[in-house]
Amino acid sequence: MSETKLAVKISELTWQYSDTKAPALKNINIEIPENCFVGLTGPNESGKTTLVSCIKGLIPRNFNGSLLGKIELFGQDVKTMSAVDLAQTVGFVFADPEAQFTAMSVEEELAFGMENIGLSIDEIRERIKWVSQITMIENLLDKSPYDISGGQKQRVAIASVLAMRPRIIIMDEPTSMLDPFGKDSVFEICEKMKEELNMTVIMVEHTIDRLARLCDKMILIHEGEIKKYAEPVEFFDNIEEIIEYGLNAPDPMIFIHKLRKAGYYKGNMKTELKDVIKVAREALDKHVS
Amino acid sequence: MRECVIEVKDMYFNYPDGTPALQGINLNIYDGEFVALLGQNGAGKTTFAKTLNGLLKPTSGYVKVGGIDTNQKGVIKKLVMQVGYIFQNPDHQLFNNHVKKEIAYAPRNIGLSPEEVERRVQDAARVAGVREEHFNMHPFFLTKGLRQRVSIASILALKPRVIIVDEPTTGQDFKQSIEVMEFLKMLNEKEGHTIIIITHEMDIIAKYAKRIIALARGKVLLDGPTNEVFAQSDILETTYVKPPEVTQLAQALSDYGIPKDIIDIEDLWSEFSNRIKGTEEQ
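Chains as they are written, first to last, in my numbering: chain G, 1 to 289; chain W, 1001 to 1282.
Just chain G, with the same shape it has in the complex (with noise of 0.2 Å):
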């Protein structure tokens, strides 16, 4: 077996913004492996976007405060990279896709990143058209991007920071402003992402039922520690646990939780619907003649 690199590696960071009077990350200790699609859960005001923002660097560089640890992307210290550098790593998708837009077409909008690195302008056409594809925009370049729904908009901030090809992507509650069809689009993007791209993914995100079906591993951070992180059937292994952290366990794995505690069920937890389904009915068949 050929040896995984680790894109991320954090070790012992504790970081503290200078107005509060706590830190709001606490001995952080994580390996993100390189091409892992991971998920990050938790409560608000947990840590989630303070952590990312390490990765990305974003903190301690325009924030104050104090910072302890070492954040290594791809072996190399965060500390000694170059803004440049950064940037070219590590791409970030906003909550809230206006943040990021600053043109008056969705096709400028994807350009805009590659012509400040300085790409030659058939690379340039060339990215447009590989990730206006995979994000399903092709038909919106001509428009501005201000007026398409939310879900096109979040697909237009994903396009434009996949066009830059970072090693790793951090998107920051992609879907909580849209409506279940805007939800779904990303999510089928991020399907798409997983399957087709060598990428690292770091997604952080509320609807954790969605993420277990995607995720390869899901980290839950809780006030500013990490407390679990593990392949989704063994991080919702124990569902009294993640009801205790303040998250919506998801029925279905409930569920499941139900039949083992009365011994109708002895496998692994499942976290797709179909296979639910598939339990409880040969719990059925075996205890109803």
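Since the hints were made in silico from the structure, they are not lab data. Built from N, CA and C at the ideal position, the CB exists for glycine as well. Take the hints with a grain of salt, since some may be wrong.
[Stated by the list, open to error] Cβ-to-Cβ under 7 Å is the rule here; a few derived chain G residues that face chain W:
| # | residue |
| --- | --- |
| 1 | N44 |
| 2 | T80 |
| 3 | T102 |
| 4 | A249 |
| 5 | P252 |
| 6 | E272 |
| 7 | D275 |
| 8 | I277 |
| 9 | V288 |
Given the coordinates of chain G, assemble chain W onto it according to the supplied hints.
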């Protein structure tokens, strides 16, 4: 029988450019109900909600609120006392530079005496959980949760019978969503307000709303008790709405005799385990 607060009869609404948005809506909403408006974007939910407090006037047919036809002239003042509308983003309705002024704005505007305004502000702030220490603060320096409470207090100060809340839980985490919904439940049960929420969150609807009005393409697709509407998943599917996963799970087990209208995980579990225990005892 409960009193009818809102009566909607053969109501059509066209946008100024002639595009039909609502097409022949007939329904009544009664005192003390907790209703969820459901439907895909563009189904007409927000447009419909805005006809209920006179923000939009029907093109034909009528909406009567507390017996007042919204198409009559000079009734706005009466309507705002009947139906309050809370926007999705509290920042869209806050514009005063003090919390207290914000809450007092509407009651003062409808010409109440200073003593009555003061009384209403105190009452509304208490119910909404806005404390006196916040009164002199600028609304924009409060947390989002508190800003939402201020915007709710400013509506409560008008003592409306009906409160419409547009997407009360968007952008909030699970705990905060539950907090907002428990607050609306309290307004409904203890303070006697009729609540209408617009939301896409099926779990929230299953837990709090007693009645669903599902809209599709400007018409009422389904209207009934929450569990009965969710049971009709084949009709909901035509408008790309899926019932909560607990209901989908129950429906996938319906050939074992499990009811199709379950909306609560504990109910599903008791139905399920009764099936198994029932056989074991035989």
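Hints versus structure:
1. N44: Holds, about 4 Å.
2. T80: violated, 35 Å
3. T102: violated, 23 Å
4. A249: violated, 9 Å
5. P252: Constraint on P252 of chain G satisfied, holds at 5 Å.
6. E272: violated, 11 Å
7. D275: violated, 11 Å
8. I277: Holds, about 4 Å.
9. V288: Hint on V288 of chain G: holds, closest Cβ of chain W at ~5 Å, below 7 Å.
Hints 2, 3, 4, 6 and 7 from the earlier list are contradicted by this structure; the remaining hints agree with it.
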